[in-house]
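Number of protein chains: 2
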Amino acid sequence: MLYPALDTPCVIVDLDVVERNVRRIQALADAAGVKLRPHTKTHKSAFFARMQLEAGAAGITCAKLGEAEAMAAAGFDDILIAYPLIGPLKMARLEALARRVKRLLVSLDSYEVAEVLSGVGQRLGRQLEVYAEVDTGLHRVGRAPGEDALAFCRGLERFPGIRLAGLMSHAGPTWKAGSHEDLLAFARAEVAAMLAVKEGLGRPDLEISVGATPIAHLVGETPGVTESRPGTYIFGDRSLMGLGLAAEADCAARVLTTVVSHPVLDRAVVDAGSKSLAMDSHRDGGHGHVVGMPEVRVARLSEEHGVLEFGPGTALQVGARLEIIPNHVCPAVNLFDRVYGVRDGQVVTEIVVEGRGKNT
Amino acid sequence: MLYPALDTPCVIVDLDVVERNVRRIQALADAAGVKLRPHTKTHKSAFFARMQLEAGAAGITCAKLGEAEAMAAAGFDDILIAYPLIGPLKMARLEALARRVKRLLVSLDSYEVAEVLSGVGQRLGRQLEVYAEVDTGLHRVGRAPGEDALAFCRGLERFPGIRLAGLMSHAGPTWKAGSHEDLLAFARAEVAAMLAVKEGLGRPDLEISVGATPIAHLVGETPGVTESRPGTYIFGDRSLMGLGLAAEADCAARVLTTVVSHPVLDRAVVDAGSKSLAMDSHRDGGHGHVVGMPEVRVARLSEEHGVLEFGPGTALQVGARLEIIPNHVCPAVNLFDRVYGVRDGQVVTEIVVEGRGKNT
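Chains A and B, in that order, are what the protein sequence lines are.
Taking my numbering, I'd label the letters of the first sequence as residues 1 to 360.
Taking my numbering, I'd label the letters of the second sequence as residues 1001 to 1360.
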């Protein structure tokens, strides 16, 4: 039986694979002369963030103020919160955090957020550094490239408590790329959109900060980028496998699960459902990749059930254990208080997910 | 501003609405002479389970052994774990739990599980009560109705440490019902399938235990049912709204969220993404119901972003707060360590989600 000391479902993380993934993306950034600022949303854990810094990362990225507070408590002192923050409760916390760490950056795309952040900067007695987010195709947050982004950035000068330190984007369409050529074309368009704003502002000092793992693989081919903020690369997942950016062996984090039911010949059920694997969809359908058994389809999830479907060649037994690579590893890890570090098939350590539950 | 003392995203639960929902389903069960054994997976919280027991529930249902342990620690002593359990670690915990509570039931659909549960019963020196699960159409776990279920139940007599106490189903297709007639037809077929097995076994004492909220609304019209295990009814959600089983005002649990970006006229972004609302889909599309604004569509979720789309008649402001009813409330609550009880728009208490994170 796999990992008899662990009960299922749980998350195991192969630390040898993690170290290889961390070194690989760091080396790509180093070769391109780009700062790496890994997004901690994937692991939400000081253990892994420390590994990333020790490998050469320039700082870390967080999605939430609460995650940044957890990381600051663990000693990290150069943090980008890549998220627009607003509201009096958050501003009080942000001010306290800014007093605690060496460098704190926040992203924004509205004057409402600029105004409250400026108030924090004024109370601090120094300008808070901000990144303006540019919408390079995801159509989520961010100002439209060109005139809108340019005018927005110029308008930020009216807010005395903040200072524009960079332009930031999050690669949306790259996740839909069908080929390496697609991916590269998306990435180059993304960077070009930000460089045009930077040039229009006449601010050669501005960082050009790009998000997501796909573009982190391409920083050597996208001149102009100065900072890369990948998250998923550290663990890998089925989405990266689908893009050809990770093989099964590169996926360090797996949900360890047990077959609990096998009522008919072509269907079995495991104890990892949407409360373990998360419900994120995948363009090829299915809800995860069963390690070593590509012929088994994770056809459906309910909360605590993963329904596996397969043909006559597959034999599974109630009580058997499997490893499943989630479609999207970040929300899966977020469902666990801790993950288990393994090497060579042995559990070597238990790792707390400090940022989990820090929803605000 | 809504609930200024709370930071977002968080879950608020209107306790007046909860009490009404609890009374309503309890009254339906009482009128039909059916035992109510609410599924705690929705709230995972002793606070709400206690409310259900005080209203007349006969016991509780849990999805996981870890949830049952959390409930036992909070004083509950009549627990069904509606899940097949296997593996030495779980058997040791199950034995300890069985010694602790007055009554413990476990469901199963395989002889592999029967064997290990029988071992627990033998170590306890008394038979462990089990429910055999019948697959009434969900095609997840459960034996096929008719000969397969009948033969399976007869075979359970070979295991001296367990005693068959009932037949259990989980209503699958009811979630897809297009009308009340559909719903009733599905429910009656489900019950008929189990009654045929009960009759075939010649065991008039067997419980007929049905799952899910839709059938809990119909227990008065499905004679033969002796136990009902609804979960979602206590909070309500967009799925129940879609089935016509809850109005907006019946949905007690909402994710309180803040508009953080509004980059273009027809799109805004809130700070509730898939790590707050969960990613469960809805047959009508969309990822949640914005309270009081049915014209606003929760079009897409990423981890920390909910993308709202709307027409020219809608005005939203960065910093404004909204309440969103999740598609599926159970996985949403599972993303928070605590929820906030409110009455008349005021926060009255903080409620710990004890079962969250008890994944095994």
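It should be emphasised that the hints constitute simulated quantities derived from the structure, not laboratory data.
Don't take each hint at face value.
What the simulated footprint calls covered on chain B by chain A, stretch by stretch (three residues with Cβ under 8 Å from a Cβ of chain A suffice, anywhere in the stretch; the number is not a length) [stated by the list, open to error]:
#1 1074-1088
#2 1235-1245
#3 1255-1266
#4 1298-1310
Positions of the beta carbon are idealized from the N, C-alpha and C atoms, including for glycine.
Against the structure, the hints come out as follows:
1. With a cut-off of 8 Å between beta carbons, the segment 1074-1088 of chain B has 6 residues touching chain A; three or more are needed, and the interface restraint holds.
2. Counting residues of the segment 1235-1245 of chain B whose beta carbon lies closer than 8 Å to any beta carbon of chain A gives 0, which falls short of the minimum of three for the stated coverage.
3. Residues of the segment 1255-1266 of chain B lying with their CB closer than 8 Å to a CB of chain A number 6, which satisfies the three-residue condition for coverage.
4. Coverage of the segment 1298-1310 of chain B by chain A holds [criterion: at least 3 residues with CB-CB distance below 8 Å; count 6].
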